[in-house]
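Can you make the complete structure from the sequences, with help from the hints?
Top line first, the protein sequences correspond to chains A and B. When we follow my numbering, the leftmost residue of the first sequence carries the number 66, and every step to the right adds one. When we follow my numbering, the leftmost residue of the second sequence carries the number 132, and every step to the right adds one.
Among these hints, one or two may not hold up.
Looking from chain A toward chain B, a few residues come up when the C-beta cut is under 8 Å (computed) [to be verified]: (1) Gly160; (2) Tyr163; (3) Ser201; (4) Leu202; (5) Ile214.
Beyond 12 Å from chain B on every Cβ pair, some chain A residues (computed) [claimed, not checked]: (6) Gly126; (7) Leu198; (8) Ser203; (9) Ala212; (10) Leu266.
In silico SDA-like links for lysine to any residue, alpha-carbon gap of 20 Å or less [to be verified]: (11) B:Lys228 x B:Ile215; (12) B:Lys228 x B:Gly256; (13) A:Lys263 x A:Ala71; (14) B:Lys228 x B:Leu207; (15) B:Lys228 x B:Thr375; (16) B:Lys228 x B:Gly271; (17) B:Lys228 x B:Ser243; (18) B:Lys228 x B:Gly332; (19) A:Lys263 x A:Leu279; (20) B:Lys228 x B:Glu273; (21) B:Lys228 x B:Arg331; (22) B:Lys228 x A:Ala71; (23) A:Lys263 x A:Ala285; (24) B:Lys228 x B:Ala268; (25) B:Lys228 x B:Gly160; (26) B:Lys228 x A:His207; (27) B:Lys228 x A:Pro205; (28) B:Lys228 x A:Phe199; (29) B:Lys228 x A:Ser100; (30) B:Lys228 x B:Ser216; (31) A:Lys263 x A:Asn245; (32) B:Lys228 x A:Gly208; (33) B:Lys228 x B:Pro192; (34) B:Lys228 x B:Ala258; (35) B:Lys228 x A:Asp247; (36) A:Lys263 x A:Asp247; (37) B:Lys228 x A:Val204; (38) B:Lys228 x A:Leu198; (39) B:Lys228 x B:Gln209; (40) B:Lys228 x A:Ile69.
In case anyone wonders, no lab produced these hints; they're calculated from the structure. Even glycine gets a Cβ: it sits at the ideal position worked out from N, Cα and C.
One letter stands for each residue in the lines below.
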Amino acid sequence: MHEIAASFRLAVSLIASGDRELLEIILLSLRVSLSAMAVSCLIGLPLGALLAISRFRGRDGVLIVVNALMGLPPVVVGLLVYLWLSRSGPLGWMGLLYTPAAMIIAQTILITPIIVALSRQVIEDLDGEYRELFRSLSVPWHGRIGALIWDGRFSLLTVALAGFGRAVAEVGAVIIVGGNIDNLTRVMTTAIALETSKGDLPLALALGIVLLSLALAINAAVMSIRLTAERHAYA
Amino acid sequence: MREAVLKLDVAGHREAAGAVSRVAPPRLGVEELVYEVGGRRLIDGATVTLAPDTRTVVMGPNGSGKSLLMRLVTGLIQPTAGRISWDGAPLDEAMRKRQALVFQRPVLLRRSVAENLDFVLRLRGRAEPARRDALLAEVGLEGHARQPARLLSGGEQQRLALARALATEPAVLVLDEPTANLDPASTHLIEEIVGRAHDRGTKVIWVTHDIGQARRLADDIVFLSAGRIATHAPAAMFFARPATEAARAYLEGRIHIGQ
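This is the structure in structure tokens:
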């Protein structure tokens, strides 16, 4: 109990002091996870929408696989990306291993199934409402996808946040492909892992509190934007 | 089983709302139409010819297949058997774009009133603010352009759905009980708008339960009973001398068992 209280005090003092190193770690965490979320949304939302409106043989199987991939173990993703990006791997020539780019790639792979699976469900519900209208207006499939993503944008924000939450909280993938290099690839979660391994539990816990606060602040900001925009857009 | 031929002729080159010229409408034919679900025949054939440029009212008790027939005619669902054709050719995408459907419960996009219309105008390659404004004026929603569509009243929502249908410049306008949930004033407005569309040359097919409305609107009546077209007749004749017991019972408000 005493340790937790001390960690809270440390977390507050870390934030209040404006520690440059901590700020760098926070900014890198945000840069990596927000980039991964953005790329995943670019890939995952159209894919989710396509899955939502498509009917084909084996669709149920595809849905099962996509849903199962939501539980991809980060270490496995990290290992696979490591194998591809390592010097002897197929993409080794790009020299991306132990860079933030590698971490973005790993997190993108990790959260894209989440974006696809959740957006598929959101868009399928909306498509159920619009389907006959779209058919009666002869809306082409790409027009349907565009309209469904646009009209479902406020619900899809929550999907994007779920992806971001998964990305910013994972440690297994980024530590393998990033290497937790100080001032280069150290993010909040890898810093927490490092401090824990060093036995500095109050600092590790303080970093955890900062990370949690960060996630809360981002969620609150996005939800507030969503509610305001939603109020202006439709009932 | 009775066989079905539903022919619908519409012709002419007329002006739509906003002074838009329209391609001459084609002839629609439906032959030997059957629709079965789980071995149950929900549409069981009909033989009827609809005159061009008329307002055809489709009537019949609940479950008689009115809405189903409209969904088949507009290609929303595929028949089990039978043929739907436009000018003798199978119903294809190009032909489907020349018909518009208004549902009983309007389905509006989660956007503003104007954006609901812009969506359709863009689809048809006619995204012009002037055209949109003309359509809004046509349905009396000119002051609501920026309002979220789902905040409109029921009557206004249905008028927006109607404006959206008219935005496609349809040769045939199919309305599936569009005023079933509306008050008399809103119903009157919808009837006026559709009447003007008809005056500009749009073929109107209107499904309704409302006998008074059918009397006001219909040039001819198609009466369905148990998935079959029991009667097709000019409106005056239908109301004066209904040809079948099912139609007589319906008009007199009696329960009719059988076909």
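We went through each hint and held it up to the structure:
A distance limit of 8 Å between C-beta atoms decides the matter here; for A:Gly160 the minimum to chain B is near 45 Å, and the interface restraint is violated. A hinted interface residue such as A:Tyr163 counts as satisfied when its beta carbon comes closer than 8 Å to some beta carbon of chain B; here the least separation is about 45 Å, so the hint is violated. With 8 Å as the threshold, the beta carbon of A:Ser201 comes within range of chain B, its nearest partner Cβ sitting at about 4 Å, so the hint holds. Of the supplied interface hints, the one on A:Leu202 holds, with its beta-carbon coming within about 6 Å of a beta-carbon of chain B, less than 8 Å.
The closest approach between the C-beta of A:Ile214 and any C-beta of chain B is roughly 12 Å, which is over the 8 Å cut-off, so the hint fails. Against chain B, the non-interface label of A:Gly126 holds: every CB pair exceeds 12 Å, the least being about 26 Å. With a closest Cβ-Cβ approach of about 4 Å to chain B, A:Leu198 is found to fall inside the 12 Å limit, against its non-interface label. The claim that A:Ser203 is not at the interface with chain B is violated, since a C-beta of that chain comes within 12 Å of its own (minimum 5 Å).
For A:Ala212, the condition that its CB be more than 12 Å from all CB atoms of chain B is violated, with the nearest at approximately 7 Å. Distance check on A:Leu266: its Cβ is at least 49 Å (rounded) from any Cβ of chain B, clearing the 12 Å threshold; non-interface status holds. Between B:Lys228 and B:Ile215 the CA atoms are separated by roughly 15 Å; this keeps the pair inside 20 Å, and the hint holds. At most 20 Å may separate the alpha-carbon atoms for a hinted pair to count; B:Lys228 and B:Gly256 meet this at roughly 12 Å.
Note on A:Lys263 and A:Ala71: the hinted pairing holds, with a Cα-Cα distance of about 18 Å set against a maximum of 20 Å. The hinted pair formed by B:Lys228 and B:Leu207 meets the criterion: a straight-line CA distance of about 12 Å does not exceed 20 Å. Between the alpha carbons of B:Lys228 and B:Thr375 the distance comes to roughly 36 Å, so the proposed pair goes past 20 Å and is violated. The hinted pair formed by B:Lys228 and B:Gly271 fails the criterion: a straight-line CA distance of about 25 Å is larger than 20 Å.
Restraint check: the Cα-Cα separation between B:Lys228 and B:Ser243 comes to about 24 Å, which exceeds 20 Å; the hinted pair is violated. Between B:Lys228 and B:Gly332 the alpha-carbon distance is near 16 Å, which keeps this suggested pair within the 20 Å criterion. With a CA separation close to 24 Å, the supplied pair A:Lys263 and A:Leu279 exceeds the 20 Å bound. About 26 Å separates the Cα atoms of B:Lys228 and B:Glu273, which puts this hinted pair outside 20 Å; it is violated.
A threshold of 20 Å between alpha carbons decides the hint, and for B:Lys228 with B:Arg331 the separation of about 18 Å falls inside it, so the pair holds. Pair hint B:Lys228 plus A:Ala71 does not hold up; C-alpha atoms about 69 Å apart against a cutoff of 20 Å. Between the alpha carbons of A:Lys263 and A:Ala285 the distance comes to roughly 33 Å, so the proposed pair goes past 20 Å and is violated. Among the hinted pairs, B:Lys228 with B:Ala268 is inconsistent with the structure: their alpha-carbon atoms are about 23 Å apart, more than 20 Å.
A threshold of 20 Å between alpha carbons decides the hint, and for B:Lys228 with B:Gly160 the separation of about 16 Å falls inside it, so the pair holds. Between B:Lys228 and A:His207 the CA atoms are separated by roughly 17 Å; this keeps the pair inside 20 Å, and the hint holds. Proposed proximity of B:Lys228 and A:Pro205 is supported: the alpha carbons are some 12 Å apart, at most 20 Å. Our distance criterion of 20 Å between C-alpha atoms is met by B:Lys228 and A:Phe199, whose separation comes to about 11 Å.
Simply put, B:Lys228 and A:Ser100 have alpha-carbon atoms about 42 Å apart, too far for the 20 Å limit, and the pair is violated. Simply put, B:Lys228 and B:Ser216 have alpha-carbon atoms about 14 Å apart, close enough for the 20 Å limit, and the pair holds. Of the supplied pair hints, the one linking A:Lys263 and A:Asn245 holds, its CA atoms being roughly 14 Å apart against a limit of 20 Å. Proximity of B:Lys228 to A:Gly208 is assessed by CA-CA distance (about 15 Å); at most 20 Å being required, the pair is judged to hold.
Proximity of B:Lys228 to B:Pro192 is assessed by CA-CA distance (about 30 Å); at most 20 Å being required, the pair is judged violated. Only pairs whose Cα atoms come within 20 Å are accepted, and B:Lys228 paired with B:Ala258 is accepted, the gap being roughly 16 Å. Straight-line distance between C-alpha atoms of B:Lys228 and A:Asp247 comes to about 62 Å, which puts the hinted pair past the 20 Å bound. Between the alpha carbons of A:Lys263 and A:Asp247 the distance comes to roughly 15 Å, so the proposed pair stays at or under 20 Å and holds.
A hinted pair counts as satisfied when its Cα atoms are at most 20 Å apart, and B:Lys228 with A:Val204 qualifies at roughly 9 Å. This hinted pair checks out: B:Lys228 and A:Leu198 have alpha carbons roughly 12 Å apart, not beyond 20 Å. Restraint check for B:Lys228 and B:Gln209: satisfied, since their Cα atoms lie roughly 17 Å apart, inside the 20 Å limit. For the given pair, B:Lys228 sits about 67 Å from A:Ile69 by alpha-carbon distance, which is inconsistent with the 20 Å threshold.
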